[in-house]
Amino acid sequence: MRWWQTVGLVVQRELTARRKAALIVTGVLVIVAVGLVVLVAAVNSGNGRPASLDPAEADEVLGTMGVIIMFMAILMTGQVLLIGVAEEKNSRVAEVVLGAMRPRLLLFGKVIAIGLIGLFEVLLTGGLVLVVGGRLDTIELPAATGGAVAIVVLWFLLGFGFYATVYAAAGSLVARHQNAANAAGPINIVVMIGYFIGVISSSGEAAGNQLLKVASLTPPLAPTTMPLRMIQGDVQVWEIAASITLLVLAAYGLILVAERVYSGGLLSSGKTRIREAFRNAVR
Amino acid sequence: MLQLEGLSKRFGDVVALDGCTLSVRRGQMLGFLGPNGAGKTTTMRTIFGLSRPDAGTVAWDGQPIDAAARLGFGYMPEERGLYPRMTASSQIVYFGRLHGMSRSAAAAGAAALLEEFGLGERADARIDELSHGNQQRVQLAVAMVHRPDLLVLDEPFAGLDPVAAAMLAGALERRAAEGAAVLFSSHQLDVVEDLCEDVVIVHHGKVVAEGSVQDLRAASQRRYLDVTLRSGATDWVEALGGVEVVSRKGGSVRLLLAGEIDLVALSAAATAAGEVVEFALRPPDLSEVFVEVAGS
Chain A
10 MRWWQTVGLV VQRELTARRK AALIVTGVLV IVAVGLVVLV AAVNSGNGRP ASLDPAEADE
70 VLGTMGVIIM FMAILMTGQV LLIGVAEEKN SRVAEVVLGA MRPRLLLFGK VIAIGLIGLF
130 EVLLTGGLVL VVGGRLDTIE LPAATGGAVA IVVLWFLLGF GFYATVYAAA GSLVARHQNA
190 ANAAGPINIV VMIGYFIGVI SSSGEAAGNQ LLKVASLTPP LAPTTMPLRM IQGDVQVWEI
250 AASITLLVLA AYGLILVAER VYSGGLLSSG KTRIREAFRN AVR
Chain B
468 MLQLEGLSKR FGDVVALDGC TLSVRRGQML GFLGPNGAGK TTTMRTIFGL SRPDAGTVAW
528 DGQPIDAAAR LGFGYMPEER GLYPRMTASS QIVYFGRLHG MSRSAAAAGA AALLEEFGLG
588 ERADARIDEL SHGNQQRVQL AVAMVHRPDL LVLDEPFAGL DPVAAAMLAG ALERRAAEGA
648 AVLFSSHQLD VVEDLCEDVV IVHHGKVVAE GSVQDLRAAS QRRYLDVTLR SGATDWVEAL
708 GGVEVVSRKG GSVRLLLAGE IDLVALSAAA TAAGEVVEFA LRPPDLSEVF VEVAGS
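For the record, the sequence lines run as chains A and B. If you use the working numbering, the first sequence closes out at 292, no skipped numbers anywhere. If you use the working numbering, the second sequence closes out at 763, no skipped numbers anywhere.
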């Protein structure tokens, strides 16, 4: 039994178990995003020429959308992970599963599965907006839309990689999965700080915005701020490289810690303190 | 063969294991006994790497147990756990595959076990739709689907009705007969006495008695005398000295004999009280041995 076969089985089970919820979320996302495009097109249908934005407006709208999508995607996938882990802990099935595999494999399998679902949702929504927007005569999508979708997809993967194991670790500490939302509180606050910096900055002048600059180089805040700078085109290549490097390094360290908390939390019963989880961690 | 050597584990001030040593051979069914908090669950969790011992080793066939070795083990934890929204059959198949079975072998194994446990018609029912007893059967199937070489079951008989308990006992006997090492804990000592040749009794994290049930009973210094009179009278024992009356039920008296007891005089006293239909000297049964070594 190779480790990737075990992870594959976990991914498969997670995808099967979450297919209904994933389809519902995907449906809602698609309806909202595509509906918006269709709505603008419909409102504009009386007008002689297609609705369009000038480049400055386009940067602002795309930047704001990017920040909002990143924020929602991280929160939603994080929540799904957190609740899934809490359920596994509190149904005590984790005990049986971890009798057969190392905690790391279970954690990675879950993260990959939920990541795939999130990626699928972001790709499908972005892709449908591009297709529908391109087909309708009465709306003209900004030229930068395709690039913006690509940037959001890239940063979703980075941001998800950073936050996923932290949400999973938080889920392993709760006593009842109904309380899982509380455990996510501190993490959500950090995500929200990044979101507010992004949203506030998206409408103003990005150039010379020192807060945005610092945030986009700070790993926990980068996923909702760096894509904004990239979409608005006001960023040096070295800054992007530095931001991604820092984020990957920080994520690596965080994953090592989160993995220990996760394994210890999952194997302790009831509400667990981080310190206790650390002590009970195995392998 | 499973070998646990000198396992020790503390949780803060609480000593869970204190040099626990035991072994289980292939084909052996070992009953693992001890009062609540004696360290049975911690021992079992240690075998599966779910609890890290402070000291001691766990080995299978002389090799330290790693993740690969554990794929050949089956575990039923004390707190049962299944995915509530998976069906009985897909759950068993999933765990079979986690232990390295192919999809088709796991499916065949799951179907056979569901049939063996009388759940054939509930194969496609979700776990949260099953009764408690049926969930327990699925839990057992999850532990057995990959035909493990070592089967570790924490309180498998808890909460089972007599019919289900007999079914479980039969299933365990078949696995042991096929060559699996079986270790299970239980508080139902009558079940253990019927099922196991060998038992280990732990107390305060240490093994305090081990061996065959027969030997443990015979090794006890205590002897009990069961006396029954045809008349059902039991008040004749009140005049006796040097004996302790353990119980009086349905016209039968059980006496604990201490020190040098004159059985001839006792027999005469009983005969004087009426016609004797039973006069039997017995070693303690398993639960009495248990109380003796783990009672204090």
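Don't read these hints as lab results, they were simulated from the structure. Each hint should be verified, as a subset may be incorrect.
To be verified - A few chain B residues facing chain A, derived, Cβ under 7 Å:
id, residue
1, ARG519
2, ALA534
3, LEU538
4, TYR542
5, PRO544
6, GLU546
7, TYR550
8, PRO551
9, TYR561
10, LEU565
11, HIS566
12, PHE624
13, VAL675
14, GLY678
15, VAL680
As the list claims (entries may be wrong) - Now the stretches of chain A that chain B is said to cover, found in silico as 3 or more residues with beta-carbon under 8 Å:
id, stretch
16, 102 to 114
17, 123 to 137
Note that the coordinates shown come from a computational prediction; the quantities given were computed from them, not determined experimentally. Here a beta-carbon is modelled for each residue, glycine too, at the ideal position from N, C-alpha and C.
Evaluated hints:
Look at B:ARG519: its Cβ gets to within about 6 Å of chain A, closer than 7 Å, so that hint holds up. Using the Cβ-Cβ criterion of 7 Å, the hint placing B:ALA534 at the interface with chain A is satisfied: the shortest such distance is roughly 6 Å. Checking B:LEU538 against chain A: minimum C-beta separation of about 6 Å stays under 7 Å; hint holds. A least Cβ separation of about 4 Å between B:TYR542 and chain A falls short of the 7 Å threshold, and the interface hint therefore holds.
The beta carbon of B:PRO544 comes within 4 Å of a beta carbon in chain A, closer than 7 Å, and the hint placing it at the interface holds. A least Cβ separation of about 4 Å between B:GLU546 and chain A falls short of the 7 Å threshold, and the interface hint therefore holds. Because the smallest distance between the Cβ of B:TYR550 and any Cβ of chain A comes to about 6 Å, under 7 Å, the interface hint for this residue holds. With its C-beta approaching chain A no nearer than about 6 Å, B:PRO551 sits inside the 7 Å limit, and its interface hint holds.
Given the 7 Å rule on beta carbons, the hint for B:TYR561 holds: about 6 Å separates it from the nearest Cβ of chain A. With a least beta-carbon distance of about 5 Å to chain A, the hint placing B:LEU565 at the interface is held under the 7 Å criterion. Checking B:HIS566 against chain A by beta carbon gives a least distance of about 6 Å; that is within 7 Å, so the hint holds. Contact between B:PHE624 and chain A, as hinted, is not supported at the beta carbon level, the nearest pair being about 18 Å apart and thus beyond 7 Å.
For B:VAL675, the interface hint is violated, since its Cβ never comes within 7 Å of a Cβ in chain A; the closest pair sits about 27 Å apart. For B:GLY678, the suggested interface contact is broken, since its CB lies about 29 Å from the closest CB of chain A, more than 7 Å. Proximity of B:VAL680 to chain A is violated relative to the hint, the smallest CB-CB distance being about 29 Å (cut-off 7 Å). Beta-carbon proximity to chain B at under 8 Å applies to 10 residues in the stretch 102 to 114 of chain A; the threshold of 3 is reached and the given coverage holds.
Counting residues of the stretch 123 to 137 of chain A whose C-beta lies closer than 8 Å to any C-beta of chain B gives 0; at least three are required, and the coverage claim is violated.
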